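Model the full structure from these sequences, guided by the hints.
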Amino acid sequence: MSAPESELPEVTADRAIHRSTPHDSAVLHVTGRAVYIDDMVEPTGTLHLAPGFCPDMARGRIRDIDLSRVRQAPGVVAVLTAADIPGRNDWSTSTGGDPILAEKEVEFWGEVLFCVVAETRDAARRATRLALFEGEAEPPVLTAEEAKAKGLRVLDDYGYGRGDVARSFASAQRRFDGMIRNGGQEHFYLEGQIALAIPGEAGDMHVYSSTQHPSEVQHCVAHMLGVPNAMVTVEVRRMGGGFGGKESQASQWACLAALGARVTGRPCKLRLDRDDDMVMTGKRHDMTTAFAVAYDSSGKILAADIDFMARCGYSADLSGGVNDRTLFHADNAYYYPNVALKSERLKTNTVTNTAFRGFGGPQGILAAERIMDTLAIVTGIDPLEVRKRNFYGPGRDVTPYGQKVEDNILPELIADLERSCDYAKRRQECRAFNTKNRILRKGIALTPVKFGISFTLIHLNQAGALVHVYTDGSVHLNHGGTEMGQGLNTKVAQVAADAFGIPLDKVRITATNTSKVPNTSATAASSGSDLNGMAALAACDAIKERMIAHLVATTNAAPESVVFADGRVSHAGGSLSFADLAKACYENRVQLSASGFYSTPKIHWDRQKAEGRPFLYFAYGAACAEVTIDTMTGEMKVDRVDILHDCGRSLNPAIDIGQIEGAFIQGMGWLTTEELVWDDKGRLATHAPSTYKIPTAGDVPAIFNTRLWDGANREETIHSSKAVGEPPLMLACSVFSAIFDAIASLKPGAVPPLDAPATPESIMRAVSFMRRSEA
Amino acid sequence: MRDSIRIVRRGRIVEIDEVQPTETLLDYLRLRERATGTKEGCNEGDCGACTVVIGEWRDGRVVYRPVNSCIQFLGAMDGKEIVTVEDIAWPDGRLHPVQQAIVDAHGSQCGFCTPGIVMSLFALYHGEGRDGPPPRDEVVTALAGNLCRCTGYRPIVDAALVAMDGPPADRFVDAMSQTAGLLQFLADGQDVFIGSNSAFFAAPASLSVLAQLVVKYPEATLLAGGTDVGLKVTKGMRPISQVIYVSRVAALKQIEDVGDALILGAGVTYDDAAGVFADLDPDLGELIRRLGSRQVRAVGTIGGNIANGSPIGDMPPALIALGATLELAHGEEGRALPLEDYFIAYGKQDRQPGEFVAGLLVPKLAPNQVFRAYKISKRFDEDISAVMGAFRFTIDDGVITEARIAFGGMAATPRRALHAEARLVGAQPARAASWGAAIEALGDDYAPISDMRASAAYRMESAKALLAKALVECAGAPTSRTRVIGRREAPETEVA
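Read top to bottom, the protein sequences are chains A and B.
Yeah, the first sequence ends on 775 if you go by the working numbering, and it's all consecutive.
Yeah, the second sequence ends on 1496 if you go by the working numbering, and it's all consecutive.
Just so you know, not all the hints are guaranteed correct.
[To be verified] Facing chain A, a subset of chain B residues (Cβ under 8 Å, in silico): (1) Thr-1036; (2) Ala-1089; (3) Ser-1108; (4) Val-1118; (5) Ser-1455; (6) Met-1460; (7) Glu-1461; (8) Lys-1469; (9) Arg-1483.
[Claimed, not checked] Now the in silico label distances, taken between C-beta atoms and shown as ranges: (10) Glu-545/A <-> Pro-1167/B: 54 to 62 Å; (11) Gly-151/A <-> Ala-1456/B: 30 to 38 Å; (12) Glu-1489/B <-> Ile-703/A: 18 to 26 Å.
[Unchecked claim] For lysine-lysine, the following DSS-like pairs were computed, each having C-alpha atoms within a straight-line distance of at most 27 Å: (13) Lys-637/A <-> Lys-1232/B; (14) Lys-1464/B <-> Lys-436/A; (15) Lys-1464/B <-> Lys-747/A; (16) Lys-1464/B <-> Lys-681/A.
Everything labelled a hint here was simulated from the structure, so no lab data went into it.
Everything numeric in this text was worked out from a predicted model, so none of it was measured.
Ideal placement from N, C-alpha and C gives every residue a C-beta, glycine not left out.
Okay, structure coming up:
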């Protein structure tokens, strides 16, 4: 598109990269032959676990648990309690406080107090219901507001800013204040949490875990068992979805399975029932965000003061990083000359909230977009025009955290999308529709995304890979990333196939295993391909270097003339098949195995001073959404969505489009149909898909156009691609803004108090407000 | 009397004599057959990962329909073919057209929902009379019961349209006559009873034996489509030991048109009834389209939706507004009552021990009657109503002479709005001022509760809105101006 052709890397038709190869498991998926942990052939004697909790306590102290009926239930082999844990009773990855099996203190409804081990899963589940509890329940603290009033926090407040915000507000002639609430979000990975632990000799433990973070599961299990890390191996071939929900929160179930295996000496499997999964595992953080903005007559922001109050649940889990990322994205794509950002991490008696695609970014961006929508109303300027006026640009290109925005492509990207989706004309059409219709109203919005790529905890930005070349020219590929459906393995295999110039089917992708590549980071922060692709390339290059050295030594080929392509290795003096070269290397005692390593360059971050360059680059995108709402009932339909998203030079356009569309619909669910409800006793009322509604096929807009922005990443990433896992989720803010726009049509000049998710009821609350202020 | 069930599996008849009363089809497949292609996602019939297809011999052909195997009981499979995701590729490994199209369209990511999606599309692929691609919205409706968290569905819908470009051509078409023969052979009309007096799965073949069993075992759980009973087992973990399956009884599956009314057996599924209800009024067709999912409608019965007494079932309010009469049977005896009288209180229905719901008489609309039904839920498809409102107005010369209004989600039972009905008599839909009092009267009819689906205030507000909407539409407003979905006009006649 707008990037000049000359800037693009030269792509030959037969290269394995930059091509829409199907997911490596696609055929296995459609035939039911892809093996998930519950599908593995169980070792003889495998036992099944089910966790138990106190059904009527969200907060309090357990005085006594009577487990005698549980132990006597048919099929029960053992009942695990905290007393059985030989090592550390904590699955926390951060500041602690996440018991694997709670002892006395109950901090949320669903906290695991015991775990049944039985001959069948059904027997284990049934037995959990037989426990009797004595204890004192206390009223749970359920909302962020209540926690704030009581001073309950899981972590200290954090914030930073720039300029003299107080003076800016004092001198500004125009300002507004506002507030937006967003709900949490259940991951609803289709495959629930699961682990299978197989005890080995001398205290070894092999754990199959559906986790995004095998190394962390390894460490948690080792600490729990009180054995060195080296005695625990964790393996994951694939997950049936992760979305952040299996980053930290797979550990507890793996620990319980391993504990059961240690106690009984038999293989133990724990697969959570869906309702238990939804009750016991954390979700996206719901937040209440208050903001004050000073602006000038042209609609440019002079100062912004934004305060995020996050409900973190009972413990810190990943709340530190999540809420930091909220602050990193409180600007989205907009320049705030003077700014004060604050994040409060509040403690409630609810499940501990955790990573979820976007990792705090969505809440920051949602607030920024609400600020823009409000600004458009108070100034009377078109919402897209207001956004453009506040974009980062020359001389206005430093974020609140001090990183210079060097790669801003939004002005061109937005202009392209604005044209292709016919924004201006359709906006007029929506207005015309609204003047003629009383019950139904239309809204349209075009919103941008700028998302920072890198783990903001700097040391996590590293990865390893292990590559073996066999004498028949086939390649065994292993890396530290995990496959959860995002196509990471396909992309990394493409990188390896391209490096060796061999067909993709010569590269065998193998299960992620802590004994092959150690000390890995979670597959998270959209970093999977960036990190593991580079590590795999380093490993391939190391082997190639040795192969080239062998060729040079035996044929006098000039090293720079050696080309790996089309399954052959060519040089000035001739060519041979890749397999023949591999065989020749082996026969000449050249090592055909290498590990590769990568650590992201350039990044640094001083959290204390709130300065540095936390991100290697930004990924950009924009979406335009058009909706119709029913102002009598609050029902809403998304009519059309157009997306233009930046993946750099895409490694695999089909997979990237899949990530974009999937993330968009997931984000749309977060902002529309997906509502988590806790009752006043602290019990999650929406703990199954019957009551918690993720989008179905019918929610996808009838017109849904997605295009890739074709421009190379200016940073040196794997084949100039960009990360894609998370950024497009926030494109769904366009839907929310379009709903806001439709409601705003009811009373020009008034700001609809629309909160997320925009359920029919939430929309009606805002509609009623507008109608009241109409009167 | 047989003490085993017989199913068709991979071209062969399989006889199973060990059948636990509440054993699910999914557990049979995964734990006993070790056929692990079929996944468990939610264990309550909502996500569709466990979708398999059942083949039945009906009306002279083999009919394939998707079901949620997690809440189908194994015993209920007697006489049916079970098709799972492992079975549909050609023996030489060539993929089924649906499978190939999903691969080509990049329609799988994590792959966990994919087997269920493949099977839902396999059923659509074998849809009656299909010889080309169905309309896109039909594919979308076929997928309403298959949640995918990764793809955003677009490539899956595209794949379906590609796969169904031509008439069905797969190994099941090739084997159709053989399958038909096996299924006809299995339809032996024998009653099935597996187990003992205290713990059994019974599947009577005739109405009289069903009636005898219900009298003999008044505590037994009556099972029809299983979409409700299944949850009591998988989620409630209730110790249900006596199960009487009613859906083998042909007499309960009849739909009879008697001129000014329809008579439906209690075992008529939503799928079977969809056509006749849509003919009664398009809103009924749309209501059934949105009810549950294809997997639920394939087996769920109108009778079951009534018998379980749920305050949020979608059919009862519509049927009450239509003036339906319920028929109950007890042994050889029977009685009839207005449907609204069946629902006494939450969890309490007018059903005596030994009685069962046998059928339903549904009056058709008279020329001077207008019907409207609306369902409000957080999600349009496969969701449970927050509020469901149904209205039948009899209008003579622009004046309402009779009104029947029933709501679900507004009380502990599906219930009529008698105050509002009374206030509407004499009102004119075209004059809003004439029905304002009727709208407000809903406040006397209902005192809804707040729960996870909606607050009490919203329920009341939207109930009023739905009555107003029905009246505005009666006065002539095109639904392209009153509804975001479920419009009654053909798209080309919509008003811009």
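Next item on the list: Answer holds if the nearest beta-carbon of chain A is closer than 8 Å to that of Lys-1469/B; otherwise answer violated.
Entry: 6 Å, holds
Notebook entry, point to check: Do the Cβ positions of Glu-545/A and Pro-1167/B conform to the proposed distance bound of 54 to 62 Å?
Noted result: 57 Å, holds
Item checked: Outcome for the supplied range 18 to 26 Å, where the beta carbon pair is Glu-1489/B and Ile-703/A -> With Cβ atoms ~20 Å apart, the hint holds.
Note to self: Just to be careful, I want the Cα atoms of Lys-1464/B and Lys-436/A compared with a cutoff of 27 Å; is the pair within it?
What the structure shows: 23 Å, holds
Notebook entry, point to check: Holds or violated: is the Cβ of Arg-1483/B closer than 8 Å to a Cβ in chain A?
Noted result: 7 Å, holds
Notebook entry, point to check: Has the given pair, Lys-1464/B with Lys-747/A, been kept, meaning a C-alpha gap of at most 27 Å?
Noted result: 23 Å, holds
Next item on the list: Decide if the proposed pair is consistent with the structure: Lys-1464/B and Lys-681/A, CA atoms, cutoff 27 Å inclusive.
Entry: 31 Å, violated
Checklist line | Interface hint for Thr-1036/B, Cβ within 8 Å of any Cβ on chain A | finding: 4 Å, holds
Notebook entry, point to check: Taking the closest Cβ pair, is Met-1460/B under 8 Å from chain A?
Noted result: Not OK, violated: Met-1460/B not within 8 Å of chain A, min 11 Å.
Next item on the list: Under 8 Å, Cβ to Cβ, is where Ser-1108/B needs to be relative to chain A, so tell me if that hint holds or is violated.
Entry: 4 Å, holds
Margin query: Next pair to validate is Lys-637/A with Lys-1232/B; report whether the Cα-Cα distance is within 27 Å.
Written below: 34 Å, violated
Check: When the nearest CB of chain A is found for Glu-1461/B, is that gap smaller than 8 Å?
Finding: 7 Å, holds
In this structure, the hints that do not hold are numbers 6, 13 and 16, in rising order.
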